[in-house]
Amino acid sequence: MAEEKKKEDLNYQFVSLVFSLQQAAMVQLGKIANPATGKM
Numbered sequence: 675m676a677e678e679k680k681k682e683d684l685n686y687q688f689v690s691l692v693f694s695l696q697q698a699a700m701v702q703l704g705k706i707a708n709p710a711t712g713k714m
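Quick note on the numbering used here: the sequence shown kicks off at 675 and runs consecutively.
Hints in this document: simulated from the structure, not taken from any laboratory. We put the beta carbon where it would ideally sit given N, CA and C, even for glycine. Please note: incorrect hints may appear among the correct ones.
[What the hints assert, rightly or not] If you anchor each label on the Cβ, the simulated ranges turn out as follows:
1. Lys705 x Leu684: 17 to 23 Å
2. Thr711 x Glu677: 21 to 27 Å
3. Thr711 x Tyr686: 27 to 33 Å
4. Val692 x Lys713: 21 to 27 Å
5. Pro709 x Asp683: 22 to 28 Å
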């Protein structure tokens, strides 16, 4: 049971990392506004 919880937590952390990197890439490419400055 605890092992399943650990795997689930790691899965959520990985998905969070992927979304974070995707957001950063889109900002760098100028596809979305920078959330800190509001500029493209």
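Checked hints:
Between Lys705 and Leu684 the C-beta distance comes to about 29 Å, which lies outside the given range of 17 to 23 Å. Between Thr711 and Glu677, the C-beta spacing of about 43 Å breaks the proposed range 21 to 27 Å. With their beta carbons about 29 Å apart, Thr711 and Tyr686 fall inside the hinted range of 27 to 33 Å. For the pair Val692 and Lys713, the supplied restraint of 21 to 27 Å holds, since their beta-carbon distance comes to about 25 Å.
Look at Pro709 against Asp683: about 26 Å separates their beta carbons, and that is inside 22 to 28 Å.
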